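Protein chains: 2
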Amino acid sequence: MTGKATINPQEGRLTLINVYEVEPETQAALVKALTDATKSTIRHQPGFISVSIHSSFDGRKVVNYAQWASKEHFEDFMKKPETQDQLKQFAGLAKSVAPSLYRVDEVIAE
Amino acid sequence: MTGKATINPQEGRLTLINVYEVEPETQAALVKALTDATKSTIRHQPGFISVSIHSSFDGRKVVNYAQWASKEHFEDFMKKPETQDQLKQFAGLAKSVAPSLYRVDEVIAE
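Quick mapping for you: the protein sequence lines, in order, are chains A and B. Numbering of the first sequence is given in the numbering used here, commencing with residue 1 and proceeding in unit increments. Numbering of the second sequence is given in the numbering used here, commencing with residue 1 and proceeding in unit increments.
Since the hints were derived computationally from the structure, they do not count as laboratory data. All values derive from a computational prediction rather than experimental measurement. Any given hint could turn out to be false.
[Stated by the list, open to error] Pair ranges (Cβ atoms, derived): (1) B:GLY59 <-> A:LYS79: 34 to 44 angstroms; (2) B:GLY59 <-> A:GLU72: 18 to 28 angstroms; (3) B:ASP76 <-> A:GLU72: 25 to 35 angstroms; (4) B:ASP36 <-> A:GLY92: 39 to 49 angstroms; (5) B:GLN84 <-> A:GLU72: 13 to 23 angstroms; (6) B:SER96 <-> A:THR83: 45 to 55 angstroms; (7) B:GLY12 <-> A:LYS39: 15 to 25 angstroms.
[Said to hold, decoys possible] To be clear about the criterion: a stretch of chain A counts as covered by chain B if any three or more of its residues have a C-beta under 8 angstroms from a C-beta of chain B, and this derived list gives those stretches: (8) 13-23; (9) 59-69; (10) 72-83; (11) 90-104.
Positions of the beta carbon are idealized from the N, C-alpha and C atoms, including for glycine.
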């Protein structure tokens with residue numbers, strides 16, 4: 001199910017950027033946990049558009065760049081007990097978790 | 001020059017994700033400074049692919065999600081004195097700056 005995501009300010013999506021700080025020895029485990037949960041359950045939620053998972057070369061961070069159709073869809077997803085269980089699992093693999101919700105202001109491309 | 005960016009693990013690009021913490025009253029100024037510098041000079045650098053600029057709804061963060069053709073292109077760009085001047089300008093508008101370099105591991109899309 002590996003695919004592609006598009007960043008486009010015209011589309012008015014909600015973007016979640018979640019930066020996890022990790023120990024290098026748990027980086028791969030967090031990437032796997034995020035990938036497995038997204039493929040098995042998160043991608044089937046109403047309003048899900050994409051999740052892109054990134055590993056830093058220094059081993060110390062994982063970034064989840066996620067797109068949802070709207071803030072309401074994301075809030076409905078966050079309210080589910082299963083979501084809270086998943087977030088706890090992810091946080092257990094990290095030293096810190098820093099999520100924020102964004103709009104896309106500008107994309108300048110070659 | 002507002003366009004679109006694509007996140008695709010198959011393409012093997014270098015991704016820079018830079019999280020700026022800001023005071024809400026300087027968020028728009030940092031977005032403008034990043035946008036102006038990218039449009040006027042950064043987009044013309046060898047290996048530049050895209051810059052996507054994001055504002056958090058709480059006013060406290062700006063994220064630059066940038067793609068370069070390779071780590072070497074990015075390092076060449078970072079070595080230029082003009083780049084260092086620009087980074088100082090951006091940092092002057094922020095409380096903290098946290099850049100890291102990433103690979104894209106997975107994209108799961110609807």
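Each hint tested on the structure:
Distance hint check: the CB atoms of B:GLY59 and A:LYS79 are about 24 angstroms apart, inconsistent with the given range 34 to 44 angstroms. Distance hint for B:GLY59 and A:GLU72: a CB-CB separation of about 21 angstroms, consistent with the stated range 18 to 28 angstroms. B:ASP76 and A:GLU72 have their C-beta atoms about 44 angstroms apart, which leaves the hinted 25 to 35 angstroms range violated. The hinted window of 39 to 49 angstroms between B:ASP36 and A:GLY92 holds, with their beta carbons roughly 42 angstroms apart.
For the hinted restraint 13 to 23 angstroms between B:GLN84 and A:GLU72, the CB-CB distance of approximately 43 angstroms leaves it violated. Look at B:SER96 against A:THR83: about 29 angstroms separates their beta carbons, and that is not inside 45 to 55 angstroms. With their beta carbons about 22 angstroms apart, B:GLY12 and A:LYS39 fall inside the hinted range of 15 to 25 angstroms. Closer than 8 angstroms: that is the beta-carbon criterion, and the segment 13-23 of chain A has 3 residues meeting it against chain B, so the requirement of 3 holds.
Residue count for the segment 59-69 of chain A with a Cβ under 8 angstroms from a Cβ of chain B: 4. That meets the three needed, and the coverage hint holds. Counting residues of the segment 72-83 of chain A whose C-beta sits closer than 8 angstroms to any C-beta of chain B gives 0, which falls short of three, so the coverage hint is violated. Counting residues of the segment 90-104 of chain A whose C-beta lies closer than 8 angstroms to any C-beta of chain B gives 6; at least three are required, and the coverage claim holds.
Of the numbered hints given earlier, the model fails hints 1, 3, 5, 6, 10; all others are met.
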